[in-house]
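Use these hints to put chain B onto chain A, whose structure you have.
One line per chain: the protein sequences are A and B, in this order.
Take the first sequence: its letter number 71 is residue 71 in our numbering, and every next letter is one higher.
Take the second sequence: its letter number 272 is residue 272 in our numbering, and every next letter is one higher.
There may be inaccurate statements among the hints.
[What the hints assert, rightly or not] A short list of chain B residues far from chain A (calculated; beta carbon distances all over 12 Å):
id, residue
1, F626
2, S652
3, I673
4, W733
[Said to hold, decoys possible] Taking beta-carbon pairs under 7 Å as the criterion, some of the chain B residues facing chain A (in silico):
id, residue
5, W375
6, T385
7, K386
8, S387
9, D390
10, F393
11, K592
12, Y720
What the hints contain is simulated information worked out from the structure, not anything from laboratory work.
Treat the numbers as computed from the prediction; the structure is a model and nothing was measured.
Heads up, the beta-carbon is just placed ideally off N, CA and C, and yes, glycines get one too.
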Amino acid sequence: MKPRYIIGFALALVFIVIAIFSLSTDSVSYTGFAYAKNSGKVVQIIGSSAKDDAYKYMAAANIFTFRMKDSTNTNAIVKYNGSVPNNFDIAPMIVVKGKFVRDTFMASDILTKCPSKYESKFEQSKSN
Amino acid sequence: MLGTILIFILLGLSVYTAVAYFLSSKHEGMLKKSRGMYYAIAGLIFFISALHMGNILSHSFEYHYVWSYSSRELSPLMLMSSFYAGQEGSFLLWTFFTGLFGLFALSYAKKRDYEWQLMGFYVIIIAFLALMLIAKNPFQFIWEAFPNVKEGTIPPNGRGLNPVLENYWMSIHPPILFFGFAAMTVPFCFALAALLKREYKNWINIALPWFNFAATVLGFGIMLGGFWAYETLGWGGFWGWDPVENSSLLPWMAAVAAIHTLLVQKKTGGLIKTNFVITFVSYIFVIYSTFLTRSGILGDTSVHSFAEPGNFVYAILLSVLIIVSISGFVFMIIRRKDLITDKMNFAINSKEFIITIGTIFLLAATAVVFFGTSWPIISGIFSGTKSSVDSAFYNKWTLPLAVVMLALNSISFYSIWNKTDWSQKSGKLLVIAITALIISIIFFFLGIKDFFHLLLIFTTFAVIVQNIIFFITNRTRSITRMGHYISHFGISIFLLGALLLADFSESSHATFTKNSVQSVIGHNFKYVDKQQIEIEKKDREKYKYIIKIDEGAKESIVEPIIYWSMYNDMQSPFFEPGISRGFFKDIYISPKSVEYNDPSKSVTLGKGDSAALPGLQNFKLQLIRFDMSHIMAASDSAPITLGTIVNFIRDSQLKEDTITSQFDMSSGAIIPIWKPIDTTGYEIGFMKFVIDKETIGNSKAIFSFRKIGEKAPEQVETLYADISTKPMINLVWFGVLAIVAGFFLAGLKHMIRQKPVTVQAHEVAPGTPAEPTVATAKESVSDSSEEE
Numbered sequence: 001m002k003p004r005y006i007i008g009f010a011l012a013l014v015f016i017v018i019a020i021f022s023l024s025t026d027s028v029s030y031t032g033f034a035y036a037k038n039s040g041k042v043v044q045i046i047g048s049s050a051k052d053d054a055y056k057y058m059a060a061a062n063i064f065t066f067r068m069k070d071s072t073n074t075n076a077i078v079k080y081n082g083s084v085p086n087n088f089d090i091a092p093m094i095v096v097k098g099k100f101v102r103d104t105f106m107a108s109d110i111l112t113k114c115p116s117k118y119e120s121k122f123e124q125s126k127s128n
Numbered sequence: 001m002l003g004t005i006l007i008f009i010l011l012g013l014s015v016y017t018a019v020a021y022f023l024s025s026k027h028e029g030m031l032k033k034s035r036g037m038y039y040a041i042a043g044l045i046f047f048i049s050a051l052h053m054g055n056i057l058s059h060s061f062e063y064h065y066v067w068s069y070s071s072r073e074l075s076p077l078m079l080m081s082s083f084y085a086g087q088e089g090s091f092l093l094w095t096f097f098t099g100l101f102g103l104f105a106l107s108y109a110k111k112r113d114y115e116w117q118l119m120g121f122y123v124i125i126i127a128f129l130a131l132m133l134i135a136k137n138p139f140q141f142i143w144e145a146f147p148n149v150k151e152g153t154i155p156p157n158g159r160g161l162n163p164v165l166e167n168y169w170m171s172i173h174p175p176i177l178f179f180g181f182a183a184m185t186v187p188f189c190f191a192l193a194a195l196l197k198r199e200y201k202n203w204i205n206i207a208l209p210w211f212n213f214a215a216t217v218l219g220f221g222i223m224l225g226g227f228w229a230y231e232t233l234g235w236g237g238f239w240g241w242d243p244v245e246n247s248s249l250l251p252w253m254a255a256v257a258a259i260h261t262l263l264v265q266k267k268t269g270g271l272i273k274t275n276f277v278i279t280f281v282s283y284i285f286v287i288y289s290t291f292l293t294r295s296g297i298l299g300d301t302s303v304h305s306f307a308e309p310g311n312f313v314y315a316i317l318l319s320v321l322i323i324v325s326i327s328g329f330v331f332m333i334i335r336r337k338d339l340i341t342d343k344m345n346f347a348i349n350s351k352e353f354i355i356t357i358g359t360i361f362l363l364a365a366t367a368v369v370f371f372g373t374s375w376p377i378i379s380g381i382f383s384g385t386k387s388s389v390d391s392a393f394y395n396k397w398t399l400p401l402a403v404v405m406l407a408l409n410s411i412s413f414y415s416i417w418n419k420t421d422w423s424q425k426s427g428k429l430l431v432i433a434i435t436a437l438i439i440s441i442i443f444f445f446l447g448i449k450d451f452f453h454l455l456l457i458f459t460t461f462a463v464i465v466q467n468i469i470f471f472i473t474n475r476t477r478s479i480t481r482m483g484h485y486i487s488h489f490g491i492s493i494f495l496l497g498a499l500l501l502a503d504f505s506e507s508s509h510a511t512f513t514k515n516s517v518q519s520v521i522g523h524n525f526k527y528v529d530k531q532q533i534e535i536e537k538k539d540r541e542k543y544k545y546i547i548k549i550d551e552g553a554k555e556s557i558v559e560p561i562i563y564w565s566m567y568n569d570m571q572s573p574f575f576e577p578g579i580s581r582g583f584f585k586d587i588y589i590s591p592k593s594v595e596y597n598d599p600s601k602s603v604t605l606g607k608g609d610s611a612a613l614p615g616l617q618n619f620k621l622q623l624i625r626f627d628m629s630h631i632m633a634a635s636d637s638a639p640i641t642l643g644t645i646v647n648f649i650r651d652s653q654l655k656e657d658t659i660t661s662q663f664d665m666s667s668g669a670i671i672p673i674w675k676p677i678d679t680t681g682y683e684i685g686f687m688k689f690v691i692d693k694e695t696i697g698n699s700k701a702i703f704s705f706r707k708i709g710e711k712a713p714e715q716v717e718t719l720y721a722d723i724s725t726k727p728m729i730n731l732v733w734f735g736v737l738a739i740v741a742g743f744f745l746a747g748l749k750h751m752i753r754q755k756p757v758t759v760q761a762h763e764v765a766p767g768t769p770a771e772p773t774v775a776t777a778k779e780s781v782s783d784s785s786e787e788e
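Here chain B stands alone, though its shape is the one from the complex:
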């Protein structure tokens, strides 16, 4: 009750504070009051979050959310992670980070004379988030969610966390992603604030470090998601172009584009309108991403499952999306007279020109991801039948775009702002091109025959070689001035890794029984044993399978995991892959299914079915019906007798009989009571009752046969798995880490550099050191690009 009221107060207070901030330009003393109110908002958000966390930690299952996503069995870390396991909680986490960033943004903007403009918009965003929390309220009681539940009911335990999510990645990946989403709010609000302030130049200096920060965090979060998918979820790869993955990639790509175009404006003063547009788009993508993943609109097309959130939530998400989408552009139209000025053209041989062209290609790639992800919606609207695109679509398009971007990056490496004298640089570029060409030819003979793949090899190596030379010759340079080199080096390493992985990965299907050896993809695999793990947890039965890999000189052990969980009533198993990590390649074993077979002769019969008895040709067995009469009389502790009434058919003579077994409720074991078959010397046992929960009449019985007195052999377990090699997967991880680290360092540099730019300065201070380039030619940041 308290939580719900506080969320309403949060909404009211945010709206009120927004009004107060916007009025503070006219009214003396209002600014200080508004600031105080923001502190109250932040405090309120922290309190609401603490309340939610408290409910989870204290197992208050009367809350629908707590009941739905947590249970008493969860470890403390997982219990804390269930804070954001559901939609309600993840909105709250997003609100939490947004509230937190607001405190930094406030003091940051205050120093730069931007406080009321920025915070006015910022609290509106918080109001939107509060609205979503009202729609998806984590404090809803269980009897409010289910009308037939009596008020005041407190379930003894919760449903628990989906076991797929139950690992340490769950405590890292989502918070980082939401951290990044929250960080994206700041540059968006700065763009709106700049339009409000009619200040179109300095705002990019102020917003740029935030973009870098957001790109760092979001990029890191996306990478961790890929690593999670690879390491634990067993999807086989690090990226599948799934709508959920794509929707987090879109804001990141837009942020990366913005980092480039904002830099161009910083250096040349151009691209003023472009920068507003890209900044707006980057935040529209954040909201769009939320819309795609929370509205249930992509429900049919993703492996992630989405709950249908209901019409109210859908309407709110859609209206927030529309408002955010149009507000920035409407504002630009209002300010169109200011924005029409400052037209300039970049010289074709300048760095800014190459960067701008490169960014256009990046935006084209963003458009590819956008249209591909949105295709089910677009096709649904325009053609009536929904359709979706394959991952082949994304690969086909992003590959040539990546080639062009890398080529431009390679050229841009030697270019300088304003004007490049290519007569001096073309020699260097030629050397790089020849080196890259030689490497490409080597890869051609190593087996890469696809033309575009070779082009990608060529361009990645051009960038890699350039940067390695640069790192060696500039090793004394301050690390903060290396940021963009490290990022570009990282993206080329990443793309190289992704390509080699795609072209050189081998995979095969394997069937294991204990102690059998499988020879696939050039290695011998032996399933040695299995071991139960996490025995102390009673809600699961979890085994690790020990598989030995004979890799010639050395032997390694891989341990894929198969487990059953109470979460789905132990009905079907969950799988986790096992990975043998190597420097050059990983060996990846992804279990697909596990089966238990009785090696003794057995038949499975439904009601009315009959079958010949294996080994006893003239005998037939028919199942007449099940005998459940003992079940009703059973007590809880004693084993229950399950019976089957059968007909033995011998030469069309019928003989009715009852075959029973003892079912132990506590252990779940079935002990058959063996019965001799006439004078054949064989006996029959009722081994298993295969229950059909929907129609109990369709249930089946499994019977076994053996020679009288012979001991029944043990069940044979068969494990089916996909085995593959993942060559150069480490380049992928290393590459992404380098990209992310580079963004961080570049952001740090922008932050340090803009310090001297204070309230009064509306242009890049003339004394500011220029962007470091390889070139030694003198540079200037003055506006000497040719005018239109």
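Just chain A, same shape as in the assembly:
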């Protein structure tokens, strides 16, 4: 083993360790509302939105709120600083990123997944 190889390996190792450490601090995990509330951490939650009385866009303040249901059917009011995202109303699945402040989930990001499964629609129109 030549010393420069050892130095090279050491540097690579340091890089990898820092990278992994950074990855685990910068990464945001996908969980449910229950975990988000208990931990108080910034998380991502996959679920669907409900169109009830909580669904509101306050234009003057530019705040959008809605009720969301995660995969375990746990509900929470989500508050987002911005307007209603593109395709929000027809998205079968949404992903919100943020954390709980008291009882409200403050979202910094909302991802809407466009419905891509139009197949079922075709079946419907055919069976009618």
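The following block gives chain B in isolation, referenced to the frame of chain A:
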């Protein structure tokens, strides 16, 4: 049916041809036959592609693919673009380009005595592609996709292209990207062929121009994607570190690394093993990229939507990925005895040393992108809960790496191969450093306070200044010998642009009503009018909003676009940003939503709800139920009467009444039949029926009130938009164009230079002119680096 059979034939023929090529070293005359079979493969691929294109152009909606991605309304250009709008078609496009490149690669390799080795591997790749086409078959019939559809059904029209994709970028960006992916196949196969041939030197001369070509095309394709996102999709920036973007960046970064390390081998004879590894990695990334974007594995973490392709496709993608990943390394292990020789160390003051260190940092940046993009998969496997990284992660890591790379580039600029006499060069470097330092101090006072940002300013300007001096003093030099200078100049300009954009961009949220003026980010914005566009297309309702910007001395107009499309049943609008382009900055208006409000007094009621009537304090209105009795009796042409049964409540006295309106099916308009409320002098109208499609019982009614005889005011439209400035965005575009142009020119040079290197030459011919450098010191390409 024909198409499906032809794909199976393609698979069979590819496997057969691979065997034939590999046997041709032992059997006389086999090579010529194999070559003939490759021509047949290429012809077959072209025919399959033509068949697919024909199906689309002839609106053969009995094909699931054609039905899914095209429609009769599409313009010819968009119709042609739907060729690759879905996974099936994009695999076919990839196969098409791979087949096409094979013809060039074949004749190229033939001249360099590499034909059977290269083409043997090449057709295996085509076989893989054919396998993917079997899994994702563009010729699947609609009744094969949906078991409940009767055989022979031909839908009258297709679903059409996603309107987001429906613009000219769609016809440019994806083909260029796949062109680049296909081009990456060639150097990969050359590396395998070289190992097979036990020829570890000359192959890099042969493969290098292909890497340059691939980096040019792929880089250009990625840039167009960024421009598309900026110009039409309204993502606000040119890059978002989205998994789909990253997955096309990975092969490009690896190709760029390979260009550097192959060059080092060309000059010094070192890095033999490294070059095999990097070449393999570059193609592994191509397949990995495909795996990430086609397997649905990143479905939750990207704004791009992915269809779940099914287990069969997943398995095939994963096996191809594994095979491609290990094959090269297994081959290297088989040849390990050959590869152990030729160990050398670069002198610390040589150009090759600096380039190698720089490439290590480039590979580190590649690793950052790789781990960041793969994190949902890695974290899912190791910790059970999936997690993903923010764009902050990428920015944090790539910034210092970019600083180091630029600094090394700046030093390498004055270094020479083999050995640099720094006593002569340090003066020059000092001048550059001082110039860059002065510029950095200026930027500090302009408002950049972040230490790393200032370091980036310092290093970018060092490279920019060096290159500008070089371009001026060497303006008579042949352009093909300027390639790598132009590329490095481009990357520094690009990074400078990206930094200035990040540090000086201002943004704000704005709410517009017609003729209102909004003063944000230092400008006055006025929404003047809107105009319907593309009226001739019946599947959409598209408006451009004319917004005037008062920029002090001049006035400019920005036209963001909002449209509704049949594609999602006109349910929610699509947006396109409007951009006022300037030399130093763009003003960017990205619509976020649009709302229509009735300024007259109105209440919205669901079944059973009640509310006070605005303006009439002692009155309450309760919605009992909807009256749908007229709907059943309605004919198609006449307007339908929609009714609501309501209670007027006055001082706890109930009075039931029916309020109706006329609903015109053809125009979609609702005309209320106004009804006076007692003796109040007000009348009530049923203005809108808000349908809840899932539970019709949850539908709501909107009622309006006005003084009897008063005319109802028009609806007020409110437009919500994000407005931002994009300073120096042009540096980003210019920088990337320069990078790409530089790669092209350097590739051209490698191509021209290697001509004298023919079949017999296994080493760089001694007479070959050396890599141009600023230095005038005599150079040699001989192997005089210190040996281990």
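Okay, the hints, checked on the actual structure:
Separation of F626/B from chain A is adequate, the least Cβ-Cβ distance of about 18 Å exceeding the 12 Å criterion. In this structure S652/B is separated from chain A by more than 12 Å, as the shortest Cβ-Cβ distance comes to about 26 Å. With a closest Cβ-Cβ approach of about 29 Å to chain A, I673/B is found to remain outside the 12 Å limit, as its non-interface label requires. Every CB of chain A lies more than 12 Å from the CB of W733/B, the least distance being 25 Å, so the non-interface label holds.
Because the beta carbon of W375/B sits about 6 Å from the nearest beta carbon in chain A, less than 7 Å, this interface hint is met. At about 5 Å, the closest approach between the beta carbon of T385/B and any beta carbon in chain A falls short of 7 Å, and the interface hint on this residue holds. Restraint check, K386/B versus chain A: the minimum CB separation of about 5 Å is within 7 Å; hint holds. Taken as an interface hint, S387/B checks out: its beta carbon lies about 4 Å from the nearest beta carbon of chain A, inside 7 Å.
Proximity of D390/B to chain A holds as hinted, the smallest CB-CB distance being about 6 Å (cut-off 7 Å). The beta carbon of F393/B is positioned within 7 Å of a beta carbon in chain A (closest approach about 4 Å), and the interface hint is therefore held. A cut of 7 Å between beta carbons decides the hint on K592/B: the least distance to chain A is about 4 Å, and the hint holds. The beta carbon of Y720/B comes within 5 Å of a beta carbon in chain A, closer than 7 Å, and the hint placing it at the interface holds.
When the structure is compared with the earlier hints, no violation turns up for any of them.
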